[in-house]
Amino acid sequence: NAGVTQTPKFQVLKTGQSMTLQCAQDMNHEYMSWYRQDPGMGLRLIHYSVGAGITDQGEVPNGYNVSRSTTEDFPLRLLSAAPSQTSVYFCASSYRDQGFREQFFGPGTRLTVL
Amino acid sequence: GEDVEQSLFLSVREGDSSVINCTYTDSSSTYLYWYKQEPGAGLQLLTYIFSNMDMKQDQRLTVLLNKKDKHLSLRIADTQTGDSAIYFCAESNNAGNMLTFGGGTRLMVKP
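Protein chains in written order, with this note's numbering: chain S, 10 to 123; chain Z, 14 to 124.
Some clues are possibly wrong.
Distance windows between CB atoms, simulated [said to hold, decoys possible]:
no., chain 1, residue 1, chain 2, residue 2, range
1, Z, Ser86, S, Asp47, 20 to 30 Å
2, Z, Asp29, S, Ser27, 41 to 51 Å
3, Z, Pro124, S, Pro17, 28 to 38 Å
4, Z, Lys123, S, Asn71, 40 to 50 Å
What the hints contain is simulated information worked out from the structure, not anything from laboratory work.
No experiment lies behind these values; they were computed from the predicted model shown.
Just so it is clear, CB atoms sit at the ideal spot from N, CA and C, and this is done for glycine as well.
Chain S on its own, in the form it takes in the complex:
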């Protein structure tokens, strides 16, 4: 199993550009989520999904879109990048009936918006 994979590892954008951060898992997990990590603030939940076709907002959803067309993939779209979106982004997945007791994180994408 590859676990949770994220691409790209690093990205630099200009203000106003759009891009998609990719996340995939091969563990057949129902639950997937996106977090951003900023210094001293821990991780904050952006969006999550409890299964294919179902998504919901987390704590900081503004400026981001998600979709879940398959169990494996959960891409995060930045529609019009802003410097405030400079952060490290983590994707995570778990079985729904395990809650977060078996949650796996991807290695992260470091995004800089100029």
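Given chain S's structure and the hints, the job is docking chain Z onto it.
Frame of chain S, contents of chain Z only:
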């Protein structure tokens, strides 16, 4: 809303015990978690405790939960240099679909 607080930094000598503390506000949390993050890596789940327990031990790790005071701690016995990392506590909401993280405690282990 939920709030999880941790001290920013802890320094210990190799072989000593480390105690990392966390306070939380959501009394309906069913599970509380400890994660470890090494430099440049994602988070790794270390251990978790169910809210009706007050202690859980797993090899060198001991988790203590004081539900009345909403205080959670992680004790690492015989701390090693490989334990140097950032440690996050987190609580899940009652529905079990969201995690709220603390800001993380950076543990530095000196040889």
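Okay, the hints, checked on the actual structure:
1. Z:Ser86 with S:Asp47: 20 to 30 Å: 25 Å, holds
2. Z:Asp29 with S:Ser27: 41 to 51 Å: Hint holds: Cβ distance 50 Å, inside 41 to 51 Å.
3. Z:Pro124 with S:Pro17: 28 to 38 Å: 36 Å, holds
4. Z:Lys123 with S:Asn71: 40 to 50 Å: Distance hint for Z:Lys123, S:Asn71 holds at roughly 42 Å.
In summary, this structure violates none of the numbered hints.
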